[in-house]
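Protein chains in written order, with our numbering: chain Y, -19 to 362; chain D, -19 to 362.
It is worth saying that the hints were derived from the structure and are not from the lab. All values reported here derive from a predicted model rather than from experimental measurement. Hints are supplied without guarantee of correctness; some may be wrong.
Said to hold, decoys possible - Chain Y is faced by these chain D residues, among others (derived, beta-carbon under 7 Å):
{"hint": "1", "residue": "Gly33"}
{"hint": "2", "residue": "Arg37"}
{"hint": "3", "residue": "Arg52"}
{"hint": "4", "residue": "Ala242"}
{"hint": "5", "residue": "Ala243"}
Glycine included, each C-beta is placed from N, C-alpha and C at the ideal position.
2 protein chains.
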Amino acid sequence: MTALLAGGIVRRTEDRLADGREIVYFDDDEAFVSGAEDRRRPDLRRLDPVAGGSQLRYDVLTGEWVAIASHRNERTFLPPADACPLCPTGTGPVPSEIPAADYDVVVFENRFPSLTRVAEDVPALVDGDPLWPARRGTGRCEVVCFTADHGASFASLTPRRARTVIEAWADRTDELSRMPGIRQVFCFENRGPEIGVTLHHPHGQVYAYPFVPPRSAAMLRQAAEHHARTGGNLLRDVLIAERTAGTRVVLSGEHWTAYVPAAARWPVEVHLAPHRDVPDLPALTGPERDELARAYLELLRRADRYHEGVTALPYIAGWHQAPVGADRELGRLHLQLFSILRAPGRLKYLAGSESAMGAWINDANPERIAARLREVASPGGW
Amino acid sequence: MTALLAGGIVRRTEDRLADGREIVYFDDDEAFVSGAEDRRRPDLRRLDPVAGGSQLRYDVLTGEWVAIASHRNERTFLPPADACPLCPTGTGPVPSEIPAADYDVVVFENRFPSLTRVAEDVPALVDGDPLWPARRGTGRCEVVCFTADHGASFASLTPRRARTVIEAWADRTDELSRMPGIRQVFCFENRGPEIGVTLHHPHGQVYAYPFVPPRSAAMLRQAAEHHARTGGNLLRDVLIAERTAGTRVVLSGEHWTAYVPAAARWPVEVHLAPHRDVPDLPALTGPERDELARAYLELLRRADRYHEGVTALPYIAGWHQAPVGADRELGRLHLQLFSILRAPGRLKYLAGSESAMGAWINDANPERIAARLREVASPGGW
């Protein structure tokens, strides 16, 4: 099934992999390289069905759901070292995950998902004790390939391609939000071996959670309290306060402002928020998406200049969106981009204080982070 | 000042370092190696005063305090590579942090603390905006050396020495709890380069926070809700439920039981809880401390046998104690011991889902973790 998005500049084509997983191509150039029937190839791999053993357990000590995905420890699929599973099929010795001769942007269901489309039934209580509720780990984990070019990075994409990725994120958010039981859709990129990324091909992920994740829950709690006290939207009021103070603003356009949060917890951290109240990526207008493509690329390029001598900053970039269903009106779209690299060769580790107590210690001053992110702006503007 | 603890088996001696920091020796052998005047040496180092630039900022998005300790990024004191700052002075080419010819257990204030004894004044609001409260980062960070033997580990200590460490933890908890403004005392050990430990000498830390850390706050919220609903103490009821179910119990003695929590979030995780309702380490009786020394050593030794071929598991071991002041009655002492090592050479990274969303995915099944921890029990018992 093929459709045109974004006024015809992106062509969307759905297909299936050999084991039934969904794959969606987003083509942005005139050749429509993967959308055309003659460029796609049948996926002839013999694949076992995707494992579905994920379950959720309620951590009664903290009130948080933990996903137990022990099926992932028995991963059978390991590509040969010289075969990238995210390159187009035909460029390597074995078929990759993408049965097309080329592609622009492509999204497919993860073969080893933390949250599974079909989850096995689990008893409602662990060991029958009411202290320990459990549920199926139903959800969705998708992989987003940003380019067929194995050696590229997101920061090296053209604004046109970044725009297509935004279209893909919005598409996936919209579609996964409609799946039964989904409460939060999270589009993110982990970049760099320092945070455990083993596939170097430029890619991100989408998680659709069947619960409100703890950070989202904390933000909703704070937003509800703020609304009850002031009548305002917390994230909008933070944006206004940052723009008013100006001390931590990193870049500002017609539709978007980037700032280092006043209580930044990571050695490098910047948030990017739309000027208009927007719950999620699908709600952005065309002009907002156009500017976002440029602003996001500029932030990533500044990140790669942040530390002298470090040309590829390890980072996590995550889109916080309004939840699906209850409390949706309290959410407001924003990007959180951060790094654990304190200085060249020196990582911020999450040890006792952070991992056992949840108490973050930041050795970097938020105003200095902002000053540095302004200092490394692209000379020609963005 | 010298005093005898634990019925005379431990001698406690206070002293000061050259820059005024406190140091406390806990001697457990008959020679009282460091407590004796003639074994201690004057600390003749010329040290700059300890920096005091820590501040706390309120993260309005999550409701959590973040410590900004940017003075730590300007660390001036770096010991030469061949000089361990935690060995007794006299064994290396330069004076160490410990001006004594030998010691058993010693505790001293960290020279580069995240939370400082004397903190600089900070405006009550960042940029004058009520969204961003700020406070002095007043608190205390101490280092605990478990042995003068540089090549040892906690697991290799004798029960007698482990007992002395417990005495030191209890002493520090008691003393720091009395400091003005302290809300939580946290005794912990980070072990292994995989979590960023750069000093290999066996040591742990004590943090005294001037706020209730996020994990403690979550546990108190859950305990309050549980108490309101059932009248019970949450942590006691979890212990009873684990002992009743038995499926995740790892070891059990007269005074202590160790179990893998039903919703374990780490690839290796075990909790150790006293049978009696106890708020913190100082409240333990002599017999409880005696058994704890043996039970804790046994858990650490099993941890070092957990993965085939890994003889030194990287771990974080942290003592959750009742807060000081409000909600103290809701807390209950327990140890949380966990590792990020999923398999030999494979770490669990805290990437997008954990670090940006707070949603933990565990590839290990809690019941299997428990089975493995039972399997690697010490053959002769503990």
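The hints, checked one at a time:
no.	hint	result
1	Gly33	violated (9 Å)
2	Arg37	holds (4 Å)
3	Arg52	holds (5 Å)
4	Ala242	holds (4 Å)
5	Ala243	holds (4 Å)
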